[in-house]
Amino acid sequence: MKKKHIICLAMAVFLMVCWSAADAAQPKLAKEQILNIAFDAGDLKTLDPHQAASTNDRSAVDPIYNGLVRYPPGDQVKVEPDLATSWKLSSDKKVWTFSLRKGVFFHPFPGFPKGYELTAEDVVYSLTRAADPKRSSYAGEYTGISFEAVNPYTVKITIDKPVSETLFLAKFASYAGGFIVSKKAIEAKGDEWIKINPVGTGPFMFDSYEPRQKIVLKANPKYFRGAPILKQVVILFMPAVASREFGLRTGELQIIEGLKEDKWAETVASFPDVVVKTFGPCESQVLHFNMAKPPFNDVRVRKAFSYAVSREEVAAFMGKGLAVPIYSPAQAPPAPGALTKEEAQKAGVIYENNIAEAKKLLAEAGYPDGLKIEVIISEMASSYQKPMIAIQAQVKKAGIDMALKVVDHSSFHSLIRDDASPIVYYASWRPNVDVFLTRFYHSDSVVKTGKKPDTNFTHYGAVDADGDGKVDSIDELITKARWELDAAKQAALWREAQIQMLKNVAVVPIIRLKYNFPMKSYVDLGHPLEFSWATYSPQITEKTRILAK
Amino acid sequence: MWTAFLRNRTALVGGVIAVLIVFVGVFAPWIAPYDPLAQDSFYRLADRSVKHWLGTDDFGRDVLSRIIWGTRISLIIGVASVVAGLIVGTLMGMMAGFLRGKTETVIMRFTDVIMCFPDLILAIAVTAALGSNLINLILTIALVMTPRFARLSHGLILSLRERDYVVAAQAIGAGVPRILIRHIFPNIFGELLVAGTLWIGVAIRLEANLAFIGMGVQPPTPTWGNMIREGVDVLINAPWISVFAGMSILITILSFNMLGDGVRDMVDPRLRGE
Amino acid sequence: MFSYVVRRMLQSIPILLIVLTLVFIVVRVLPGDPAVAALGDYASKDAVNALREKMGLNAPLWLQYMRFIGDLGRGDLGISIITGYPVAKQVATVLPHTLLLTMSAIILGYLFGVPLGISAAVRRNSFVDYFNRVFSLLGLSVPAFYLGILLILLFSIKIPLFPVVGAGEFHNLKDLLRHLFLPALTLGLLMTAYITRMSRSSILNILAEDYVRTAHAKGVAENRVLYKHVLRNALIPIVALGGLYAVVLIGSSVMVEIVFSRPGLGTLMVGAIKQRDYTTLQSVMVIYTVIVVLINLLTDLIYGLIDPRIKYH
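Protein chains in written order, with the numbering used here: chain F, 1 to 549; chain C, 1 to 274; chain U, 1 to 313.
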């Protein structure tokens, strides 16, 4: 063999090594970039981002729309630019000026086959719409805030009273009311039309909808962060777990909404190519006492009930990997202002499971032979019925006979807002502690009788909680915290408010339940999935891709 | 009659099983090895074992005990709704068949209207509207059963009212109630009983269907349909929950069908098997 | 005969009108609020109220009723109050799947049921008869959804042969049939049980009739008696009662659709109840009753075609 040949050969080998190294660094993509994701739902309700509330609707809305700012996929603490590239705060902390990104186009829609460029006019229209109680579920977030288009790429937002950056920016993040809709699309087609024909600026655009079957989204090649790798995202409605799990196994589906049951998740995780992702933020499941009526107008009875409950055991029933006991009635840590177990312990507001103490307190309160109540609960299994059935068995040991009246989910929401149940078990996630405290524990929000009836089921702020003859309230703490501009001080005020409520045993925080989405291991979401801020499901972005098997 | 019954194997087997099931339902508290609501967080979705013959569910509750207690709900709803339907329906049918005229038109139109809906569709809609609890379920299923009994008894009476003994009774001036009760009812009772026995099976299945959709007696009350529904979600982990609860429904309905079939064979000798 | 059909249809109108009224009442009595169901728990009272207004639910009941009847009269099923999607379009996408499922079950039922029933009746108390009786009793007793679950357990979980996801696409026949197999088998088995049992008993009934006995006595060959006298007369009840069972089958199809999560009228109805989608629910219930009325009419007509003794007065 000649030297030349050897050199050639060596070069060839070298090249091949290089190629394969490059290959290893850049994993091969599957040929078909179509992602099928199936939800536990019968149909969509609305894709209007200012009204969408259910898990599957949110997950469809999220990749279609953008906000002025966003929480990076997988994160829930820091904020980064989205449609706005930068923002400034005036010295009196009342005027925020946002500079908009140039060259962002709305998706095409009838009359605008190429879409059109987003301007300040759209942003102002969209935010005004989000603030309109007739057209938005989130109007309350924007009271006392006004919007103005300074020039096509500058929006000025003025707030009557300054709030902290955390609270302010959350209102304009790519979530709920913060999603920016197209002015021209709505003016041309109407509010009803965009319910099933959303027009946004996001990485995916709406393609088609088949009732009770699926929504198809297709890639937006003009997306400002770059064209998505996925060509299509298919969101399927499949209420039967068995069907979803089977579809995942055969590979017809790549991501499914899982059953909130750890043994099930273990079995599914053992399927070939399947990983089960569990993540937050979770809905906090909190038990609210109606303090306006006997027997729970007596703090001793409420305390007895708390001692009778073992949140650890409720968590065990829901599945160890999925349910986590909580001690904060508002938000689960690490959200700022949430109570950790240590903090709750230090304040003495945990009421560790103790049947003897529960019985003693009941006897003191005049129920030596126990207590009989009937509680209304939603038929929804994992967030309502199942934990309540577990609690039912626990409190029975202390002599509390709690009958459950199971009703369908929409009746449940109507009935509890009508003050019809002595205990309300409620699972919810709110964007921050302020919203939690305001809507659940401010006296204005008391169901039926409050100034702005909402979801204050405990009547906190309107009744004497501890029996000292004076009305107990955290209204002032809530307001003070809201206008507090220092983040640490704000969090401290929020904690103080929660501890006061827990001392009066208005509520018993029970568990938070993680989202559980089994998926094929060859799906690369393109971001770490610890938290999914804007959706309750894995966020699909322009970087999401399907790798070759 | 009794010897015929004993000689009819289908009726005998069906009857014995039905009696056993009723026995289990009545004495559930003494037969069930565990409290059907007792939970055990360390023993969830456990497979069959000496301790739990049919395994446990997602709350660690004993499946066998829940099936045994579930017998009660199925039987109560099955029997009560059929009895209610039989009483109301037969009264309506007899009135229609005997009084004729406007009464007949109104009653028979009512049955036409109700029978425009497939049983299950009607039951689903009415239960959704009324709300699902034991009493409402009995009422709903009775509503489904009533027109069946009305039509059956109406038809039977039309064929009876021209019979000699009825005409004779009318001739001697017997009142309508008297004729209906003394002369007609005894002659159609056999047929009604056969139909009633068969329709208990239909009623039990209807209740199970509703429970499977989530419209039955609400949890944590153990009912077979509820158990199947809860079990379906964890079919890959614990198929025994759905399989055994369903088996109980199948056997119960089967026994009533065998009993009804056998008795009909005796009433109508042309179809007798042996 | 044409005038008979017209008359029968005219007769059905008052009944249908009462049925419509009943449907309307049942739907309005449903507990819960569609606006709350649509917006979720985060929505404020104002938003809920605004949506109720848009859904037309704040109008007085009589007006809502008039609109419902009026729209139906014009053949308009309205739009879903939840999604705003036309109900007629929703029905049009799911109805073919329901029809496909029930038709396959009816065909399977007659294909296997009639021969089984005849052979059982002719050879009474033989093994065939015994097997048939056990089979039909089981089929009569088993709830459709339970049979479906057992089949899923066997053929989808233990041996993953058939998909349980949806119903496939109409333009892909192979896919469509693969999806149809298990659900159609479930319903088909039930239908076969009904038809077997009914065929057996109608043949037995006729075998006991005088004219058959006479034919036997006259020494007419066994097969000739069977075909000439028995089968022809037995066909009437077999066809007529087949219509009755078709109605039962439509009920069972709801359960099968739910178990196999197939698109269809049944899943549409149950979904509409869950979402409190009044307009969709109303329409689906109306469609079900129309189907039942049509089946009854059809049964009557077939009756007459087969049996010349029946005249259309």
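Take the hints with a grain of salt, since some may be wrong.
Stated by the list, open to error - Subject to a maximum C-alpha distance of 20 Å in a straight line, what follows is the list of computed DMTMM-like cross-link-like pairs (lysine to aspartate or glutamate):
#	chain 1	residue 1	chain 2	residue 2
1	U	K45	F	D444
2	U	K54	F	D419
3	F	K134	U	D175
4	U	K158	F	E266
5	F	K397	C	D40
6	U	K45	F	D419
7	U	K45	F	E141
8	F	K134	U	D71
9	U	K89	F	E210
10	F	K214	U	D41
11	F	K341	F	E313
12	U	K158	C	D47
13	U	K174	F	E192
14	F	K405	U	D46
15	F	K452	U	D46
16	F	K452	U	D175
17	F	K263	C	D35
18	U	K54	F	E192
19	F	K397	C	E191
20	F	K320	C	D40
21	U	K158	F	D419
Because the hints were derived from the structure by calculation, they are not lab data.
Just so it is clear, the structure is predicted and the values come from calculations on it, not from any experiment.
Going straight from one Cα to the other, do F/K214 and U/D41 come out at no more than 20 Å? Violated: F/K214 and U/D41 sit about 24 Å apart, past 20 Å.
Just to be careful, I want the Cα atoms of F/K405 and U/D46 compared with a cutoff of 20 Å; is the pair within it? Cα-Cα ~28 Å, so violated.
Taking only the CA atoms, is the gap from F/K397 to C/D40 under or equal to 20 Å? With a Cα-Cα distance of about 14 Å, the restraint between F/K397 and C/D40 holds, given a limit of 20 Å.
Taking only the CA atoms, is the gap from U/K54 to F/D419 under or equal to 20 Å? Answer violated: U/K54 to F/D419 is near 26 Å, above 20 Å.
Could you grab the alpha-carbon distance between F/K452 and U/D46 and see if it respects the 20 Å cut-off? Within the cut-off at roughly 10 Å; holds.
Taking 20 Å as the top limit, are the C-alpha atoms of U/K89 and F/E210 close enough? OK: U/K89 and F/E210 at ~10 Å, within 20 Å.
Below or equal to 20 Å on CA atoms is what counts here, so check U/K45 against F/D419. Holds. U/K45 to F/D419 sits at ~15 Å (cutoff 20 Å).
Hint consistency between F/K341 and F/E313 [alpha-carbon to alpha-carbon, up to 20 Å]: Cα-Cα ~16 Å, so holds.
If you draw a straight line from the CA of F/K397 to the CA of C/E191, is it 20 Å or shorter? 52 Å, violated
Against the 20 Å threshold, does the CA-CA distance of F/K134 and U/D71 hold or violate the hint? 27 Å, violated
So if I understand the rule, the pair passes when the alpha-carbon distance is 20 Å or less; does F/K320 with C/D40 pass? 14 Å, holds
Restraint status (C-alpha distance of U/K54 to F/E192 at most 20 Å): 9 Å, holds
Checked against the numbered hints above, the structure breaks hints 2, 3, 8, 10, 13, 14, 16, 17, 19 and 21 and satisfies the rest.
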